[in-house]
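Engineer: Letter by letter, the chains look like this.
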Amino acid sequence: MNNENNNVWVFAEQTGGEIFPVVFEILTEARAIAAKLGTGLSAVMLGYQVEDLAEPLRAYGAQTIYVCDAPEFKDYTTAAYTQQLAALVGQHAPAVLFIGATHNGRDLGPRLASRLNTGLTADCTGLDVDLEKGDLLMTRPAFGGNLMATIVCPSHRPQMATVRPGVFKSLPVESPSKAQIVKVPPEIHPGDLQTEILRIVKEKSQEEEITRAKILVAGGRGLGSAAGFDLLQELADCLGGTVAASRATVDAGWISNARQVGQTGKTVQPELYIACGISGAIQHLIGMNKSRTIVAINKDSSAPIFKIAHYGIVGDLYQIIPAMIEQLSSKP
Amino acid sequence: MKIIVCVKQVPDTKEIRIDPEKGTMIRKGVPSIINPDDRHALEYALSLKDQDSNTEVVVLSMGPKQAKNALIECLCMGADQAILLSDSAFSGADTWATANTLAAAVRKLMPFDLILCGQQAIDGDTAQVGPQLAERLAIPQVTYTRAIQLEDHAIVVERQMEDGYEVVKAALPALITATRKLNTPRYMNIRDIVKIHQMDDPVQIWDLNYLKLDPDQTGLKGSPTRVKRSFSPTPSSEVTFLTGSTEEMVSSLLDALKNLNLIGK
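Protein chains in written order, with the working numbering: chain P, 1 to 332; chain A, 1 to 265.
This is chain A alone, in the form it adopts within the complex (with noise of 0.2 Å):
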């Protein structure tokens, strides 16, 4: 069985900085890490191989050289093989241009069984490089994924709902997004992280002319969509702080709720 990971690497959010006046992210000192949401698709894959020693698990991504980090680390974590999507022609890709970019390096892996991605990445929060990828492959997708049972030729998914979840059958190949509820990511380990510190090139790069690629469908040039502005959030509101004893304070917002109506009286 052939299994492709589709990981990103991101910014921490938590440790981001915006700067007020220009509205922009100040990006040094920010650490970058794999996208949580990937780490579950991973570990799923791995889990596989852990049980079946012939699967085989491909770690792909789409980004700058040094997202090459990203990489090794899911090579240390057990993953076979990596490959890493990586030319100026790419960058400035919003969702549609990255899965069209994706696609290409996918059907150079062709045959595969499976190809699983993070739910969404927690710099963009969008969801939609998954399902996008689904479609350009022409295969079945299956979004929020809780569970997985692998059958003949298929799978069975339980799907995060609003209210609850469905249990979904796909015939494979086909696409799943994994939540974190799907399992625990394990650590990289000591084996795989001395022998892929022995490799030269543990990672492959493959750019627009390996892929064949149209300029015209990849990265800035090939993106229906355009940053316009960005800015950063302003709230805006007049505080009226309570003064006085512990009960005073409360008495005076108890009395104002009151008066708005929001709480009984």
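Isolated chain P, as found in the complex (with noise of 0.2 Å):
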């Protein structure tokens, strides 16, 4: 496989040897990209250790597997993974380099784009290619969700995106092709480490906990104060589920911002999510719109909330939410 210049490439971030979630979601959409592109699909993986997590990339579809296996790739530091990942496009040029808006990949993302002098769009949430220029057209929401600016990059290589967590489905390839795996020596000198780890500190983080969640439950200011919390998690624990909560709640200082759902929080996608006197700010609706199934209880039938949601309920959260406690808890 020769012609391996203007693929798309999806940068495989992965830590302590588990890939990211947002790294297949990314490689699902971007076999759609790269098939409107005519081109190939690649994966490009830093780390230590890490040679057996080439095989998952494949099942999504990675028909080249770069991998710099290093101990200097252990941990993310800006300046390896850049000088890494600058010589690797350098050698290869991508035509599309996706990388997922994780932290370390906002970090990340625009020093390579600076060092590689292209355009980078930020935190994307729609792709696709403008088939006349092939261009690719990446769609992102500005000024707090209530913009959505599709942004080009016509005449700079690579075309640059990172990508919004939990935006995009991953589904693996039916039978994927073999993929041809590409050892690639460490390009970085100990005098290129601008910044050293001392070290890394997990916490129990409630922002997993939402993202990861099947089931969520979310109050909004239509809660009128902190205690409502209180109920709404008397019913998650009726569904087992879990809180989240809309900006105006976290800013209110009602719950933590790890809780947050939307431009400024996470974005989520539960099976179910029962949104409690949320009115459905865009900031909020673009956090959870593509939730599978959505439930709204709003006092206000004309809230906005109700343009997205599935099934709605006009009323006072106080009597509905006791009167769902009471029947999910009094069944057999």
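Think of the hints as simulated: they come from the structure by calculation, not from any bench. Be aware that one or more of the hints could be misleading.
What the hints assert, rightly or not - Straight-line C-alpha distance at most 27 Å; calculated DSS-like pairs for lysine-lysine: (1) P:Lys133 to A:Lys228; (2) P:Lys169 to A:Lys228; (3) A:Lys108 to A:Lys212.
Could you use the hints to bring the two separately framed chains together as a complex?
Structural biologist: Now the structure itself:
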């Protein structure tokens, strides 16, 4: 497979031997992009003792997998990762490079784009190809989600985008083809490292909880006070769900910002999203409108949340939620 | 110690309305504010100045002339010097061109020890200009900063991660992007308000000529990316409103969710 120039590349971010879920989401979407551009799909992974991770990348459609396996890449550092990826991009000239919009991805993307003197579109939620011009169409929210903008990068390569986690579905390929695994030697020198990681501390994260939950019970300004979240917690416990929140409640100090869904919070895609007292500001909707089933409970029948909800109850949540809890706990 | 704080004047996105026909923003009546994260960056710089009066805090912004107001507010909070990069050639810049323009200004301010930026601006939410500026200056960057400890010629930073945090050490000069967790920003103080309002030109304006920038490397002309189109997001679904008494509505809702296998029988 010598024809690897102009491919679509996906940066396969991993930590501690685990690939971030957004990588599979991007690979799934990038398959369609590569097909439209008539080019191949490659993944590039940096890490230490990560060669086993190539297999899942293949299962999601990567045809060429570049693996840079070296102790220097064990943990992400801006300088080492930028240096290595810039060298690889220079050698293989991909047409497109996608990076997950994780904390590290949003640290790496701009640094790398600046070094490569190309454009970068942040936090994309929609990707397509202008079939006439062959440009990648990168759509993202701006102004707090009030506006969507489609961005192009017409004359610089690669066209780079970070992709918001939780937006695209990840689906493995039905019958994955054989992948070529290319081992790449490290191209960094000890003096290149500008920062030193002294330690990494894991904390139980509620952010992760809300992005992984199958059922979310979310509260908004309509709760009226912090105490409303106790009621939502009770309902969440009955359903085996997790409590989430709108920005208004976080700004009011009723609940931790780790629970926040929306443009400035997390994007979630649970099976069931129950929005309680959330009017549905665009900045919130953008973070949850891809949930499988949306239930809205609100006093105001004209609240925008009902425009995206599947089931709506117009009424006082302080009557409806206790009734839900009662009916759920009284059934055998 | 010399600290440069990059700030941006932004429309308060909570107040924005969109023209549904044209898909454009209605700017009229939308207040302009200092980008919230940038206030936390400035606060850290000012707190170092509180501890050591030899510390010099320079606030730097790029924008139209009215962005002066944001910089004046920074001066009234305690910054020593304010510079606005303003020229019609700078307009329409994407993050690459913005970083390139800011870098030209920072080179004029050398030597410096630390650059502080907000993690991201609420109008674009890209979080790109900080790292792109660090790259143009070839200095280390630490993003998602939630705590900083200053050491001799180095900083030790707590960097927020999805599942915890990491402690990163960087040699100075370095660039840091600040999150809301870093501190609580102060208000303007009377002494500085009086002082600043007695000055004729508290904000210096630097233009293209002054920065000796190639016009092809700034503004829209210098931007690798282009906005192809913008539109207002259109939500779509058919809602089924449940009716009846509270008990009836709840019972039909729970039945529907059970039929979808979303909740247990």
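Engineer: Evaluate each hint against the coordinates.
Structural biologist: Each hint, compared with the structure:
1. P:Lys133 to A:Lys228: holds, 13 Å
2. P:Lys169 to A:Lys228: Status holds; Cα separation ~26 Å.
3. A:Lys108 to A:Lys212: holds, 11 Å
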